[in-house]
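Chain by chain, the residues:
There are 4 protein chains.
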Amino acid sequence: MKTNDFATIAQQYRVIFFDAYGVIKNAHGLIDGVADTFQFLREHQIEFFVLTNDASRGPAELANAYHKRGLTAIDAGKIISSGMLAREYLLYKVKQGTLAFLGTQASAHYIEAIGLKTISIKDVDLSDSEEISALVLLDDEGFDWNNDINKAINLLRRRNIPVIVANTDERYPVSQDHVAIAIGAVADMIERVVGKTFIRFGKPDSQMFHFAYEHMLQTVHVRKDQILMVGDTLTTDIIGGNKFGIDTMLVLSGNTQPEKARLLIRTTGIIPNFICNSIALR
Amino acid sequence: MKTNDFATIAQQYRVIFFDAYGVIKNAHGLIDGVADTFQFLREHQIEFFVLTNDASRGPAELANAYHKRGLTAIDAGKIISSGMLAREYLLYKVKQGTLAFLGTQASAHYIEAIGLKTISIKDVDLSDSEEISALVLLDDEGFDWNNDINKAINLLRRRNIPVIVANTDERYPVSQDHVAIAIGAVADMIERVVGKTFIRFGKPDSQMFHFAYEHMLQTVHVRKDQILMVGDTLTTDIIGGNKFGIDTMLVLSGNTQPEKARLLIRTTGIIPNFICNSIALR
Amino acid sequence: MKTNDFATIAQQYRVIFFDAYGVIKNAHGLIDGVADTFQFLREHQIEFFVLTNDASRGPAELANAYHKRGLTAIDAGKIISSGMLAREYLLYKVKQGTLAFLGTQASAHYIEAIGLKTISIKDVDLSDSEEISALVLLDDEGFDWNNDINKAINLLRRRNIPVIVANTDERYPVSQDHVAIAIGAVADMIERVVGKTFIRFGKPDSQMFHFAYEHMLQTVHVRKDQILMVGDTLTTDIIGGNKFGIDTMLVLSGNTQPEKARLLIRTTGIIPNFICNSIALR
Amino acid sequence: MKTNDFATIAQQYRVIFFDAYGVIKNAHGLIDGVADTFQFLREHQIEFFVLTNDASRGPAELANAYHKRGLTAIDAGKIISSGMLAREYLLYKVKQGTLAFLGTQASAHYIEAIGLKTISIKDVDLSDSEEISALVLLDDEGFDWNNDINKAINLLRRRNIPVIVANTDERYPVSQDHVAIAIGAVADMIERVVGKTFIRFGKPDSQMFHFAYEHMLQTVHVRKDQILMVGDTLTTDIIGGNKFGIDTMLVLSGNTQPEKARLLIRTTGIIPNFICNSIALR
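Protein chains in written order, with this note's numbering: chain A, 639 to 920; chain B, 639 to 920; chain C, 639 to 920; chain D, 639 to 920.
Note that the list lumps identical chains together, so a pair holds whenever it fits in one copy or between two copies.
List of simulated lysine to aspartate or glutamate pairs, DMTMM-like, C-alpha gap at most 25 angstroms:
# : residue 1 : residue 2
1 : Lys760    : Asp786
2 : Lys862    : Glu726
3 : Lys733    : Asp643
4 : Lys834    : Asp815
5 : Lys640    : Glu897
The set of hints was computed from the structure by calculation and includes no laboratory data.
Generate the whole structure from the sequences, applying the supplied hints.
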């Protein structure tokens, strides 16, 4: 399949939004050649941001993970996560009480930084739950699925509180050969069982792109037609970028297998402006 | 709300199909007065069968649970479970290999009785799974949700095998105040994550009613218009019975709250022929 | 792709269930060679039935269409249509009043034969609709979509009556290059807008297979493992046959393109026992 | 049910976003007392905008409809419609070619103002459709449903082009007793039949709120906690406002019946900050 050259395309834009998983890193670590790519962007004064469906940690911890692998170009200010949107929602709309959460303590830590009190669902006493003002689904780890998912359901039967899903992904790769269910799929199951409407943050929802755009405007002033979204997944990165009104590039280094890309574009009707093998320079 | 008298209605039929949970028993044990009801049926020579979405045990064990509570009228031959349909499917369509299952050993025991080999998903070795010929979802207990649900997903990525859901219920009551997620909801989550089409057994699917009807014809010869389906849930018992072409009665002793029954019938368009408070005689 | 030989497979069974469209006929008429196939079946004393999602006409009219094209082997007694199931439902469950319908007069004619009165939705007076006891969706033709779909919706807001969908197909081919929306897709739209639960008849629902099986037992006595279902669509013919517990054959003469068959089987997990190019003898 | 007083609540905010239908107007014309309400807002220097899922006309024509009924406070600059978002998308992402549309000529007129060429689906020649660069679903009127919906489907089988749904509503009231299917429900049907992913604009999607907010910032500078969203529908106005992070008020003058409001809030988990009978001053 004929693909575009990343560097040639990149130079037509002033800002690039990158998805993280499948674009910059994968189950083995950094994708080959990405360090050179970020060097190239710096030399050509192309600004960038990383848009990631991740609420397991705050931006500082996410950036630190890149640094440890030798990619120093991505600092906390460059990262926009679905967890940041969830946190903003809680700041504006919940304000008080205690947040029950499904996730690790690390994922709750970032939420607590805005002054809200949190409690892991496993520590909730259902018979004394009047203080709980919202339920937040942060991460698929850090709780006992056998007990705590049912506990979340029974909490929602007792208390009519908003439920915030801070990562809408259904699954994620844990190695070359294995995937794991992400908290977004657990959220779908709970939502259907309780029959309520949850509030979700993360690509493909356009709020993710608006948040990134507004965040970006604090440092860079660009129009939408000067931004390119680069992602490996049609149903999140590409449809989301398209709907937001920016150009989009599908890379074949992650979720979308090269031999199936054209067929998928044809069957879904989700059409990127460009297709590249990866963001590595040739 | 004006309701019908169970005994008066019952005498118009030769056979009654009963749902189990919310009709005959609930979280506290037998529903008040049901022993008298089954005595009444016997005196009036009204035949009955229990149709239950349950694959946690075989009919003998299910009957035994009634006997222990003092209800001796319900023996194994009177019980039609979704597990029986799943077993019949496996008998006709799988025939060989090993069945991986999510559920308790007790739930697998009933399947093994037809000569198929089973293995709990927790004991499956993914790197040596060629022998596995189907995945069966039997019960929400007996496995570690954190590990084994992901293991089921990775098995389905390796092996293109049929997946059988032996109980389609999404939740069940564990006490007056608590519910738990049933294996049907777990099945929905897994199906969506892997993107495949599972085979489901249980009400409201009409196969459950056909199976019961054919099973019944071995001992009783009746026409469909001589059968009444009695259940506490519009979306399983009543719509299923209606579609199968038999008369239906909604009882208010379980899932459907008396004050909401009329509204629910109106909003869903699922219309029973009769409404009774319970199957207890007045 | 390696495929099986129809004749070789067919001889292993005593009865074959055929889907109609894409198996026996297509937009151009009869599929090449099917006349010889039915001659072959007769010579080998293999019984057959045609299972079709069609409520546009009764079996006699459907059979007549084959006769006109020179295929005389298929008479009315060989045809099982979803319209027959809808008619049986109405006979058992509605019994009286007037049936409003969406479809042609020809489609209503078959329903009227059981003694029920019908009225096209276009002739319904919404302010005088107390007589209407059910709404039946029969065919995509015979009414004015701009007016009559809204009229059906407003009827369902006034009258809490059962809604029967006599053909669940979403679309059908009208020529080599064109498809048209079938009444099943219109039913889905109306159901979602009114928020009620409709009663659907047609493959892949197992009721279609039970009905055919029971119908067949009037003339032939066979076990399920002596029956083969042959169809061109994984999501109706094959999954339906599998769930009913009979062997299944996918043919590549209709909906399923030969080059995509293996991929579709792999991604859907719907697995036929056999794959043949068509039912034509080689 | 205890409700709040609109005027008391309104004075706590600097800007109010109003839904149109069921809040300002209904099937009979303006809702009683709204003229006084807009006078009150002006006197108290409370800014307002109207957020409406409507792509049938441009803002000038929508404003004109209020003027004709005597409400002069709402001019074109106060109206944010889902059609405006669709137009912005087309401006950024389509740029060239001809837009096929389902809707009236009036609805297309507003799109043409940005320099794009349009063609009603009824005038499209499927055998010569290479020029068509997108399909836009604008309004439920202006086309022949029997022919043109199928034509749209066949166009999408030939051309892999983006499909834009400019109004996601499923239905709308045409009189006290009648509703009609809106283009959003037709879009859902077409999307399912063709199996592609469409791009939708309109509440509850947060893009509608972002667009309104950015539009508003051109004239008024306020923080999110100074804005109140007022609507009659939990599933569009209230969940959308909540997710965007602003306070919300449910009014009982439209879709949500007063006697069901509390039950609906409880069952959906969509919780407004306030409930008022209407926006009329007491």
